[in-house]
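Based on the provided sequences and hints, a complete structural model is requested.
Take the sequence shown: its letter number 35 is residue 38 in our numbering, and every next letter is one higher.
Source of the hints: derived by calculation from the structure; they are not laboratory data.
No experiment lies behind these values; they were computed from the predicted model shown.
In silico DSS-like cross-links for lysine-lysine, where the CA-CA straight-line distance does not exceed 25 Å:
1) Lys-168 x Lys-33
2) Lys-184 x Lys-33
3) Lys-168 x Lys-184
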Amino acid sequence: MREIDPNQTNRAEAFRLWMQAPMPMVTLTKTLDVTHLVRLSRRHGCGFNLLLCWCIGRAASGVPEFFLLPAGEKMLRYDRLALSVVVETGDGGITTCDVPFSEPFSRFHADYLALTERAARSGEMIDRSADCMVIGTSALIQTELDSAVNIYAGCYNNPFVIWGKYREILLSRKYRKPRIKASLPVSFQFHHTQMDGAHAARFLENLQACIRGLEL
Numbered sequence: 004m005r006e007i008d009p010n011q012t013n014r015a016e017a018f019r020l021w022m023q024a025p026m027p028m029v030t031l032t033k034t035l036d037v038t039h040l041v042r043l044s045r046r047h048g049c050g051f052n053l054l055l056c057w058c059i060g061r062a063a064s065g066v067p068e069f070f071l072l073p074a075g076e077k078m079l080r081y082d083r084l085a086l087s088v089v090v091e092t093g094d095g096g097i098t099t100c101d102v103p104f105s106e107p108f109s110r111f112h113a114d115y116l117a118l119t120e121r122a123a124r125s126g127e128m129i130d131r132s133a134d135c136m137v138i139g140t141s142a143l144i145q146t147e148l149d150s151a152v153n154i155y156a157g158c159y160n161n162p163f164v165i166w167g168k169y170r171e172i173l174l175s176r177k178y179r180k181p182r183i184k185a186s187l188p189v190s191f192q193f194h195h196t197q198m199d200g201a202h203a204a205r206f207l208e209n210l211q212a213c214i215r216g217l218e219l
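So, in structure tokens, the structure goes:
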């Protein structure tokens with residue numbers, strides 16, 4: 004992480020317009036086709052949310068604005084991304100765990116399992132915000148969601164992705180094995196100083212492509 008001059012970036016005008024705005028966050032909602040992820044999860048015994056988090060990191064890594072963070076009166080630039088996941092602890096509470104994004108998937112998979120297990124066992128937050136640009140996530144799998152709008156506290160300007168339980172739809176009964184499609188609405192919140200709607204839309208398109216193209 005290092006502080007940079009926003010006037011030397013393509014976000015100079017956005018920094019001037021939105022850093023002092025009372026509500027600078029924007030939320031976009033998109034329904035994703037996650038059929039491939041559901042099949043991979045079942046075939047390989049790999050958690051659906053783990054797979055989705057990797058795809059989010061992979062999609063974000065293709066949008067340079069994700070490596071910028073507006074913080075107070077500063078603009079920070081990072082070289083790495085991390086995914087923050089909510090973890091249930093042994094005493095019934097929750098904590099957060101930042102998992103650095105990495106390729107190939109196998110490395111992220113191992114880090115995700117080890118770090119979330121450590122967070123669940125210790126109950127302590129695992130924070131990588133000093134060396135990684137953190138993308139927040141929240142999986143509310145207790146119910147299906149159509150959309151979600153996160154709070155804005157003014158101290159956490161990081162992008163945030165929220166989703167609920169995926170929906171499965173029976174497409175055809177003509178085959179011996181029914182064909183199922185799975186869909187998942189996701190809500191993506193971002194600070195307008197960090198990126199514009201076009202950058203966010205590119206991220207969501209990247210995310211859908213990563214989901215369809217993931218190979219384990």
